[in-house]
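Asks: The lines below spell out each chain.
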Amino acid sequence: MSDGPILELRSITKRFPGVVANDAIDFELLPGEVHALLGENGAGKSTLMNIVYGLYRPDGGEILIRGKPVTLGSAREAIMHGIGMVHQHFMLIPVMTVAENIVLASEPTHAGVLLDYAASVERVRELSERFGLAVDPEARVENIGVGQEQRVEILKALYRGAEILILDEPTAVLTPQEAAELFEIIRGLQAQGKSIIFISHKLKEVVEIADRITVLRRGRKVDTISREGATETGLARMMVGREVLLRVEKKPAAPGQPMLEVHDLSVLDDRGLGAVRDVSFAVRAGEIVGLAGVDGNGQTELIDALAGLRRPSGGEIRVRGQDVTRASARRVLDLGVGHIPEDRQRRGLVLEFSLAENLALHDYDEEPNSRFGWLFPRRLISRARKLLREFDVRGGGPQTRASALSGGNQQKVVIAREVAGDPDVLIAAQPTRGLDVGAIEYVHRRLVEVRDEGKAVLLVSLELDEIRALSDRILVIYEGRIVGEYDPKVAEEDLGIAMTGGGSAAAA
Amino acid sequence: MSVRAESVRSGWERATGPRAVGILGIALGALSFWLALPPVHARNTVLPVAVGILGAAAGIWAVSRRERRVGWGAIAAALVGIVGAILATRSSLTHLDIVVFWGALVTATLRWATPLTFAAIGGMFSERSGVVNIGLEGMMLVGAFFGALGADKTGSWEGGLLIAMAAGGALALIHAFFAIHLRADQIVGGTAINFLALGITGYLYVDVYGQQGTPTNLPAIPDVHFNWLQHVPPHQLGSFLDNSFGQMNLMVWLMFPLLIVSYIVMFKTPIGLRIRAVGEHPRAADTVGISVYAVRYSAVVVSGVLAALGGAYLSIGFVHSFSEGMTNGRGFIALAALIFGGWRPFGAFGAALLFGFSSALALRLPDAYGSSAGTLFQALPYVLTLIAVAGVIGRSIPPAAIGRPYKKQ
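Here the protein sequences come in this chain order: A and B.
Quick note on numbering: this note's numbering labels position 51 of the first sequence as 31, and the sequence is numbered without any gaps.
Just so we're on the same page, this note's numbering is the position in the second sequence counted from 1, plus 2.
Since the hints were derived computationally from the structure, they do not count as laboratory data.
Heads up, some of the hints might be wrong.
[Unchecked claim] Partial list, derived from the structure: chain A residues whose beta carbon lies under 10 Å from chain B:
1. Arg56
2. Val101
3. Arg140
Please read all numbers here as calculations on a predicted model, not as lab measurements.
Think of the CB as a built atom: it goes at the ideal place given N, C-alpha and C, for glycine as much as any other residue.
Using the sequences and the hints, build the whole thing.
Replies: This is how it looks when you write it as structure tokens:
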């Protein structure tokens, strides 16, 4: 093999109606290197990689593999050229086994007719040992965890003989431990001569894993730099195009009276199994309490119960001393609990409604928005105009449909509605999920402001950095129980261990 | 106990678990009815009622152990069984012997189940690939008409079958084009297919055959005779076998290889794996280089061809003529059998047998009990389908991407 790049993109351009997603991007991948592609959401990273994987056709430019120009019209052709991609949303079939998922479309057969399942399992086992990717070939995908699903995706690419591996935001769904394991795997693959493109918008992991980093901003390539000399601040500036505060500036908390109190709360999940077990805690005025935990350890059910969306099976919830254990969502709201839901598109917004309507979801039936059962749309619109300005929502006015906004701006609309209601308690569930650096900075600042106004904030997040940066106290939830309370200065490793059930309940 | 430990149950626990007991209850309910029928002919109600009560008890036990679906199913089966048994013991023996003539019932059951099975297997290919095929009814009807027309014009039943298959495939192609390419709503598209089939066959029928109807000497798909069956000892078994299987249509026999082949194709070959992958997660299939469109087109066309075979069997294998709208909802029943059978060949076949049995029984009842009883029994498949869809005996889980058009990025 020559020392030239294994993959080279020359001035790739891709236009979608109304946007130039990729504007004359050059990119080169050397054999055996880990090359990170860094950029905010919408910077064009995924578009570029979908072009390499044959899912999109470029409007201009050239793709060269080992120095030879190629056209990649379909995923099949990309696979033939030794390109494999692990998508951000896994492309796995839940009801099939790991082995079936891996061999799909290039199955070993008996005499070319019958599927040779035993051989499939054997091949998968071989590959999994060779590359150190532990999977159970005969398990059904619906029964395995996220970390294992990702390994299955990587094996899928390797099974097809991939020399170039594209990992699209691979750590977005992983716990810190799983992410560390993934980095080990990536280094192992690199040692076996594979070339890897690592797409991310997380600065820390890019600096940790990549040999070189290419930064994209709004469809254009900013620069390619090597890891030496790359700093998180410098990369953030390249990504966003201005100075970004990566650290959250906040004064020490001045906690007051308990606003939200939870005693021995138990909640069942949709299948009727215990999801939250005998949980007790309190959130006081003027503090942010962070609830850390791996996804699926009862956070969703706990938030639902607090917001009045799910009836607890036992225990008690008090808001400002009033019992709301069995109260409706409306009553909880009226008592001054704001709720930024986990899934803003499904539960935070009515995507088909205008921003003005979305902003009025809580108080459309109160004066001055309506009177005697009549709604006054003009009043909704004029208030919305004020709120959109105050919360810096870009990309639309009061009459724009919510679905037309970017994720970051949608989240700002949700926050605007919840904060404008002047709640005493604010429950923020994964408030920055899927947002980019600039928007995260905004949301974080806003949450600290809410705290400084003397409100009680419960922050539920899967991002440890976020929990540690914002919280005044950290609670760790594991299998539905609070297993410890920590000071925000605690080491990330200790939190990680507690989140996976290890370690004792340490006191701050 | 943790969730994980609960899910790892031993085989023994499963065999004595509430679910198994509930299923036993269902079996006991059926047994209580059967005891009152020939050849056992229990003439007093004690034994059937006792067995029925046992079944109901098993059901109640299962319900109390949180196995609600199967448990209630057992209770319902026991009640139906007891009522049926009491009614049967009150009927005269001769009436019962007219209706419950097992040999004839078996052959009639198979005869009625055949068109349903062909269409249901066709539906399985389409739906496993993610395309809802409510147009099975229309495809059967087209098969029935073009089978008759083809047999008439070519002078051979083979020609009839080929032309029926082509017609069914063509109609399916229309459905596929709307559902896959134009991404139209598949229920609406399928309904349109049904009306289109009704219109085309109705028009052509009047145009070609007018008042006379299809000719009486229409070439027919031959029956297969097994005369040696009646000599199987002992005599009773021999005559039962002969009455059941001695003289059946070729298409009935072809149904069995079709079942086996379609099972192997769907679950033991790369083709089947790809069809199922496309029906579960088309984008995943696409990213490994499977053409979602090609798989879906082929699967829908296959479904049309098989449904048309079922229809052709009706016209040139069974009643030897064509009449307008003669499929009379059998495509929908086939769809119900498919769902009832959990989108699997043998499951669908089992359901088709059940529906076929109720049709066979319904046809024999009027001889002894007057026409109203038969009419009532004709409704049985629909009742059973409702019960099945409500999920009494384990809800069937459809392919994940069923009914959802796929758009390539």
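Asks: If a hint holds in the structure, say so; if it doesn't, say that too.
Replies: Here is how each hint holds up against the structure:
no., hint, in the structure
1, Arg56, "holds, 3 Å"
2, Val101, "violated, 14 Å"
3, Arg140, "holds, 8 Å"
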